[in-house]
Amino acid sequence: MSVELLPDGRKRIRAPLSDEDVRQLQAGDVVLVSGVVYAARDAAHKRMIELLDAGEPLPFDPAGQIVYYVGPTPEKPGHVIGSAGPTTASRMDRYTPRLLELGVKGMIGKGGRGPTVREALKRHTAVYMAALGGGGALAALQIRAQRVIAFEDLGPEAVRELEVEDLPVWVVNDCEGRDFYEQAVAPWRKEELLPEEFRLGAPR
Amino acid sequence: MGQVREVDAAEITRAVRELCMEINYKVPEDMAAAIRRAREKEESPIGRQILDLLIRNQELAAQGEYPYCQDTGYTVVFIDVGQDVHIVGADLTDAINEGVRSGYRDAYLRASIVADPVFERRNTGDNTPAFIHTRIVPGDQIRIQVDAKGGGSENKGRHAMLKPSDGLEGVKSFVLRTVAEAGPDACPPGIIGVGIGGNFEYAAILAKRALMRKVGQPHPDPRVAELEAELFEKCNALGIGPQSLGGTQTVLAVHVETMATHIASLPVAVNIECHAHRTGTRVI
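Chains as they are written, first to last, in the working numbering: chain A, 1 to 204; chain B, 1 to 284.
The shape of chain A in the complex, shown without the other chains (with noise of 0.2 Å):
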């Protein structure tokens, strides 16, 4: 079992996950994400489809995976990794579907995703988490071990692989279709204090 149920109500995860894995996690969970992931942004994304079509394997297994959308800093003399906070998550919307076809379960990134994603999410059983946005020192302090294994020359963007450790991030896109922005955010707005043209429909 690769999702456990901790006392505080949070979960922990370790990939592989199976799609039984991803049905326990729901918009809005706090989830501890530990093991192995891998560090891909946009160059790699880019890459990484062109691997596909030219018929090549990705750098990596997907089967159960989870990418990080990350680009650490250089590492200081004595640690593992520099600051490796989350980047913004729907800039690798095009890619996404390709890479769940694989067998990729999880993602993890900051901010919302578009409408092909979070269909794909519910198609293929994979979920969407958030990580704190900008908070990429604290993130730096759960991450055990970082090798490069593609794309070297991408720099900051070369794909790794990633040990974390309770590495605390919520779940935004289910696999049933929901939104926590949406649930998160709507109980705050104070629609009398906006126009109009603001009152209708979500905030994004």
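Take the hints with a grain of salt, since some may be wrong.
Partial selection, computed: residues in chain A whose CB lies under 7 Å from chain B [stated by the list, open to error]:
| hint | residue |
| --- | --- |
| 1 | Pro72 |
| 2 | Pro74 |
| 3 | Ser83 |
| 4 | Gly85 |
| 5 | Gly111 |
| 6 | Gly112 |
| 7 | Gly133 |
| 8 | Leu138 |
| 9 | Gly155 |
| 10 | Pro156 |
| 11 | Tyr181 |
| 12 | Arg189 |
| 13 | Lys190 |
| 14 | Leu194 |
No wet-lab data here; the hints were simulated from the structure.
Heads up, the beta-carbon is just placed ideally off N, CA and C, and yes, glycines get one too.
With chain A held as given, fit chain B onto it using these hints.
Coordinates of chain B only, in the frame set by chain A:
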């Protein structure tokens, strides 16, 4: 008329280098205070938790081992050169870029700049070039302000050429829409820089310069200050909150700058700064 004062370009390099190295680890006091104020005012429990985490992140970064954010930014440099200054020893642009290069290398900051936008997008490896705004001003001093500007929040900025008939209401609506659409992507709570007037490019520069003001300091023109206060209240009424997990503290401040414009035009630009507001100033 003052005498011409010679300034060695190496002094400019050193100032830029030191600023890059400092600001990425130590949030300016006015920003730290703004985050603390938001923590006191935030009504949502999860919002307060997030703001506590941001304060811890600040404290950890200030120890000097890990930058505040892994996105150590575009290096934006505002340099005001006194017209009685003669810069000697190197080209000004090279001097600034050398400061960025060595500062980013020696402080273990991320190289986040690609050499071209749409062809190879090859990382330059040292975060150069800097994005430099130069003004010639009276006097014999050089004032340098460096801002490490995160890409995620920069991406959420918007620019519009409104019609004069859209008026103040049109401006307010555009600002609010920009903040609403940015949502979680711009790492709230941050600062909203608004430039109104000028022409196409001046509106954007005004918005960027607005971010450089001390956080929450009102504009000296009471009409503009009133607009800032109204936009501040309305942005926070969106309920986005810290990290867009719901709350009353979506923005820490709204800063507006205005300028003369054309009889046909009402340019507006909105530049968003995330909670990782990293800036500092040196005077030579």
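Original post:
If you take the shortest Cβ to Cβ gap from A/Leu194 to chain B, is it below 7 Å?
Top reply: 5 Å, holds
Original post:
Minimum Cβ distance from A/Gly85 to chain B below 7 Å?
Top reply: 5 Å, holds
**OP:** Double-check A/Gly133 for me: the hint is only fine if its C-beta lies closer than 7 Å to a C-beta in chain B.
**Re:** Hint holds; A/Gly133 Cβ to chain B Cβ min 4 Å, cut 7 Å.
Original post:
Does the CB of A/Gly112 sit less than 7 Å away from some CB of chain B?
Top reply: With a closest approach of 6 Å, the A/Gly112 hint holds.
Original post:
Would the hint on A/Gly111 stand, with a C-beta cut-off of 7 Å toward chain B?
Top reply: Status holds, d = 4 Å.
Original post:
Holds or violated: is the Cβ of A/Leu138 closer than 7 Å to a Cβ in chain B?
Top reply: 5 Å, holds
**OP:** Return the status of the interface hint for A/Ser83: holds when the least beta-carbon distance to chain B is below 7 Å, violated otherwise.
**Re:** At about 4 Å, which falls below the 7 Å cut-off, the nearest Cβ of chain B leaves the hint on A/Ser83 intact, so it holds.
**OP:** Report holds or violated for the interface hint on A/Lys190, using the least CB-CB distance to chain B and a cut-off of 7 Å.
**Re:** Holds: closest Cβ of chain B sits about 4 Å from A/Lys190, inside 7 Å.
Original post:
Should the hint that A/Pro72 touches chain B count as held when the rule is a Cβ pair under 7 Å?
Top reply: Holds, about 5 Å.
**OP:** Would you check whether A/Gly155 satisfies its interface hint, that is, whether its CB is within less than 7 Å of any CB in chain B?
**Re:** 5 Å, holds
Original post:
Close enough to count: is the Cβ of A/Tyr181 nearer than 7 Å to one in chain B?
Top reply: 5 Å, holds
Original post:
Can we keep the A/Pro156 interface hint, with Cβ of chain B closer than 7 Å?
Top reply: 5 Å, holds
Hint violations for this structure: none, all hints satisfied.
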